Amino acid sequence: MLVIFGIALLVVAAAVVVLFAMLGELATRIPAPGPTRRDPVVQPLEEARRGGVPAYWPPGLRQAGGDGDSVLIVLSTVCSTCADIAFQLTEEPGHSDWGELAVVVSTGSESAGQSFITQHRLTAFRWFIDTGGDWISQQFGVRVSPTALVLTDGRLSSAYGFHDVAALRAKIAAERSGSRQKETA
Amino acid sequence: MTAHESTDEHGRKGGAGRRTFLAGIGTTGLAAAATIFGRATPASALVTAGCCNLCYSSSSSHTMAQCESGTYYRWSCNYSGGVYCDCCEHGTLGDNCIGVTYSKYSCQY
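If you read the sequences in order, they're chains A and B. To convert, note that position 109 of the first sequence is 109 in our numbering; the numbers rise steadily by one, no gaps. To convert, note that position 99 of the second sequence is 1099 in our numbering; the numbers rise steadily by one, no gaps.
The hints are all genuine.
Which chain A residues face chain B? A few, computed with CB under 10 Å, are given here:
#1 Val3
#2 Gly6
#3 Leu45
#4 Thr77
#5 Ala83
#6 Gly108
#7 Ala112
#8 Gly132
#9 Gly133
#10 Arg143
#11 Val144
#12 Thr147
#13 His163
Facing chain A, a subset of chain B residues (Cβ under 8 Å, in silico):
#14 Arg1018
#15 Phe1021
#16 Thr1048
#17 Cys1051
#18 Cys1052
#19 Asn1053
#20 Leu1054
#21 Tyr1073
#22 Trp1075
#23 Ser1076
#24 Cys1077
#25 Tyr1084
#26 Cys1087
#27 Glu1089
#28 Thr1092
#29 Gly1094
Keep in mind that the hints were calculated from the coordinates and are not lab data. All values derive from a computational prediction rather than experimental measurement. Glycine included, each C-beta is placed from N, C-alpha and C at the ideal position.
Whole structure, please, built from the sequences with the hints as guidance.
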């Protein structure tokens, strides 16, 4: 009798565990709160030092600088809109096919940056944790997020503030296409 | 007396078997629960102010200049409609806000 009771209790406990696991799984699928319709405006960033070449590249971004053309998405752990940008990069709709992309996370500490990278699953991209935002501010004069720094032949050709990654990507593609046409003309 | 001892002995044997069986089931249950819930991400309780994600509600007893003294982390974020916010964490910003003494933010066009 005791064994039967024990088994019944275990079945109930297992059912409760599965129920909570299902609730947890459903909760993770609810998108992060944010504007349902993102602002498609891609605004030039005045304070960025255009034409600048970084004195050095951090290890995680070396390839981004080495191949000449790259796009650095600058996010920060204290910026609430940056979480939505990370969400767009990884899941909605996801931009893992954007080869020239690298993510720089400005943060107050390495551990907070590491948590941000892990929480938002940004390991699919080249990434760098910029403690204090020192590297990005010293090399490019930028202390704001979310921003995109566009490098052409290793030089900062343009910088933008944005909220919609798809709009940003279209803008950069048009910019790259325009500069190629100028070169061939 | 002899019969009573025999029954008791059987009972003890059966009890030990049941205990082992139930302990096994319990261990399996705990292992399953740890597997299911072990990968859950830790909860965070950041305060959203403007476009800032701060450790605490913005301090009314400190100015932004005070926040930007000593050890601090300050960064700006762009909000929609051309609004920028300055976000400041005073202290050593560690994981889960360990080391932060207060937060401050201000927004402007």
